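**Student:** Chains as they are written, first to last, in my numbering: chain E, 1 to 131; chain B, 1 to 164; chain C, 1 to 345.
Quick caveat, the hints were computed from the structure, so don't treat them as lab data.
What you are looking at is a predicted structure, and each value in this text was computed from that prediction instead of being measured.
Check each hint, because a few of them may be wrong.
As the list claims (entries may be wrong) - Straight-line alpha carbon distances no greater than 27 Å define the calculated DSSO-like cross-link-like pairs of lysine-lysine that follow:
| id | chain 1 | residue 1 | chain 2 | residue 2 |
| --- | --- | --- | --- | --- |
| 1 | C | 244 | C | 183 |
| 2 | C | 64 | C | 118 |
| 3 | C | 31 | C | 118 |
| 4 | E | 80 | C | 245 |
| 5 | E | 80 | C | 244 |
| 6 | E | 11 | B | 98 |
| 7 | C | 315 | C | 31 |
| 8 | C | 344 | E | 80 |
| 9 | C | 31 | C | 344 |
| 10 | C | 315 | C | 118 |
| 11 | C | 315 | C | 344 |
| 12 | C | 344 | C | 244 |
Unchecked claim - Here are the computed distance ranges between Cβ atoms for each label pair:
| id | chain 1 | residue 1 | chain 2 | residue 2 | range |
| --- | --- | --- | --- | --- | --- |
| 13 | C | 113 | E | 59 | 51 to 59 Å |
| 14 | B | 134 | C | 340 | 31 to 39 Å |
| 15 | E | 65 | C | 173 | 28 to 36 Å |
| 16 | C | 267 | E | 59 | 15 to 23 Å |
| 17 | C | 340 | B | 3 | 29 to 37 Å |
Cβ atoms here follow ideal geometry from the backbone N, Cα and C, with glycine treated the same way.
Read off the chains here:
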Amino acid sequence: MTEKERLRFRKGDGVAIGAVILAAATLLIFFLLDARQTEGPLVLRIYVDGALIREMPLDQDDTFRIDGAYRNQVQVQDGKAAITESTCPGEDCVHSGWISQPGRSVVCLPNRVEIRVEGRPGGEEVDAVIR
Amino acid sequence: MKTKQVTAMALLTALALVLSRLERMIPLELVIPLPGVKLGLANTVTLFALYRLNLPAAMMILAARCLIGALFSGNMTALAFSLTGGGFAMLVMWAARKCRHLSVWGVSVLGAAGHNVGQILIAAMLMHSPYVMGYLPYLLLIGTVCGCATAAVAAGVLRSVRAV
Amino acid sequence: MIRRRICGILSAVLAVMILGGCGGSTAGSPKTRYQATLMDLFDTVTTITGYAASEEEFRETVGKIQSEMTEYDHLYDIYTPYPDMVNLCTVNSRPGETLTVDERIIDLLLFAREIDEKSGHRVNAMLGSVLSLWHEAREAGIADPANARIPEAEALQEAAAHAGFQYLEIDAERRTVRLTDEKARLDVGALAKGYAAQRIAEGLPEGMLVNFGGNVVATGAKPDGSSWVIGVQDPDGGGEGYLKKIALQTGSVVTSGDYQRYYVAEGKTWHHIIDPETLMPGTRWRGVTVACADSGIGDALSTSLFLMDREEGEKLLAEFGAEAMWIAPDGTEFFSDGFRALIKD
């Protein structure tokens with residue numbers, strides 16, 4: 001097994017190393033481009049009775065009014081969202097405050113409304129929130 | 001001859017185990033914050049076995065090393081990782097050695113790349129998640145550097161140990 | 001020869017280890033994460049999170065949870081009667097009568113009686129006579145904040161005379177119950193939701209997370225083997241930060257707090273966790289979070305601990321193998337010994 005051992009660095013080695021680095025670079029560019037596509041801006045999705053009724057980009061200030069059994073005012077501002085006004089009893093939804101992280105939501109139970117920040121797949125920081 | 005080879009294999013297995021234990025003491029992940037990043041010193045043993053023994057012997061050393069390593073740590077998931085990684089690396093190195101244009105340097109670097117691909121594949125399978133693939137380019141780059149380091153060690157050893 | 005033998009032994013051992021070690025986890029196709037929200041159960045929001053091969057598969061599980069939860073909700077409802085059903089509202093409205101009830105009601109009441117005893121009557125499902133006064137006052141106060149009142153001390157004292165499990169007969173064999181006092185009432189608010197959540201979770205596929213309005217139950221780790229992360233929010237809410245993040249694979253996490261259900265009257269806030277001793281809202285803690293294998297027990301424990309000092313709470317926790325985090329009125333946090341191990345980061 002000792003005949004013509006190749007222990008010194010050869011030209012072919014350079015080619016092999018170059019090929020691996022090139023492959024890594026190609027993959028890196030591919031993944032980065034791909035990531036840019038899936039990691040789009042966050043959106044606020046508004047659900048009534050579990051059905052999606054509207055999407056609002058979280059990076060554009062806007063408001064939206066939901067007229068149901070009660071009236072909810074949804075506001076998007078500076079990358080955060082909240083139910084800022086409500087005619088429901090107790091106004092728990094208004095007291096819930098502002099949300100901006102994917103997976104977080106504010107619910108108005110009497111009006112059967114949920115607003116939820118979504119966008120990045122698997123980007124949720126927590127899976128459930130209790131208080 | 002037979003006895004000599006079995007003894008050599010046992011020694012190499014022990015050496016590989018010591019090396020993989022040893023490299024766990026080097027906190028490489030502090031410098032490069034990627035999960036599972038390591039020098040791959042134990043790969044030198046595979047490389048040596050391929051050059052000085054033969055493929056079946058190298059395979060058995062690898063299998064024994066992974067098994068005993070897993071038994072030591074009690075981590076069966078680690079077994080799946082080290083076996084696929086090490087297996088991929090060995091097959092790639094075995095094939096690469098047949099190429100006339102490659103020295104132990106190219107063989108080692110390609111082996112490291114094979115190791116990375118194997119580990120990422122098993123990780124994607126175990127975790128049901130294609131997202132881990134995103135680590136591959138980084139691992140490949142680090143693997144190239146570590147592969148060169150392994151090659152330097154192996155070249156020195158092969159030069160001084162001419163036959164088993 | 002030797003080599004062949006070694007080879008054979010090695011490959012046999014290898015095969016066994018691979019098959020036994022990781023055969024299970026590699027099987028099956030990749031799964032997608034889904035989430036659904038239900039709004040009509042137990043007067044709260046239920047969020048279901050899980051991984052499934054297809055949306056239909058997930059919808060099916062959600063549908064199952066919804067229909068089971070609806071049945072429990074109706075059976076354990078103390079305010080609304082339903083046609084063709086003897087529920088807790090029926091029991092409450094017909095004291096003195098022996099009523100045949102669903103097995104799930106018997107099971108709940110037996111559980112409630114045990115909890116009443118073990119909690120030193122802190123969690124008393126036979127305190128309905130008192131709790132209904134607070135419930136009415138709260139509902140009226142929320143509807144008409146200007147004229148909000150709290151129940152009168154005399155009325156509360158009078159009602160307390162009709163509280164306790166001595167006024168409830170349970171015949172498990174015949175599946176009958178009877179209130180033996182004209183004014184005694186059931187109120188299972190402190191434990192029914194957790195109890196139902198536990199029963200439902202036991203029939204769910206592995207690897208799901210259901211948040212029954214603050215009663216979180218997990219049925220195993222996520223498909224990648226990682227834990228679910230439960231964010232426990234600051235009692236004062238509002239912000240997006242979490243007081244603590246808890247890692248959970250199997251079991252439940254429940255919180256009881258003075259901020260969950262309350263109203264304002266006479267210039268003060270009055271919350272819903274009533275101390276059976278004072279007949280007033282408990283003031284010892286702001287909130288108690290309990291981690292427990294069984295969600296029914298966890299639900300009851302969180303209420304019970306809310307009304308106890310820490311020492312007594314620790315004793316109760318030890319009895320049930322549960323862990324807890326307390327938040328004092330000044331914001332100080334206390335932990336049982338094992339709770340810290342559950343905290344993430």
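**Student:** Against each hint, give a clear statement of whether it holds in the structure.
**Tutor:** A quick look at each hint next to the structure:
no.: 1; hint: C:244 <-> C:183; in the structure: violated, 43 Å
no.: 2; hint: C:64 <-> C:118; in the structure: violated, 33 Å
no.: 3; hint: C:31 <-> C:118; in the structure: violated, 43 Å
no.: 4; hint: E:80 <-> C:245; in the structure: holds, 22 Å
no.: 5; hint: E:80 <-> C:244; in the structure: holds, 22 Å
no.: 6; hint: E:11 <-> B:98; in the structure: holds, 16 Å
no.: 7; hint: C:315 <-> C:31; in the structure: violated, 42 Å
no.: 8; hint: C:344 <-> E:80; in the structure: holds, 25 Å
no.: 9; hint: C:31 <-> C:344; in the structure: holds, 25 Å
no.: 10; hint: C:315 <-> C:118; in the structure: holds, 11 Å
no.: 11; hint: C:315 <-> C:344; in the structure: holds, 25 Å
no.: 12; hint: C:344 <-> C:244; in the structure: holds, 8 Å
no.: 13; hint: C:113 <-> E:59: 51 to 59 Å; in the structure: holds, 55 Å
no.: 14; hint: B:134 <-> C:340: 31 to 39 Å; in the structure: holds, 33 Å
no.: 15; hint: E:65 <-> C:173: 28 to 36 Å; in the structure: violated, 57 Å
no.: 16; hint: C:267 <-> E:59: 15 to 23 Å; in the structure: violated, 42 Å
no.: 17; hint: C:340 <-> B:3: 29 to 37 Å; in the structure: violated, 56 Å
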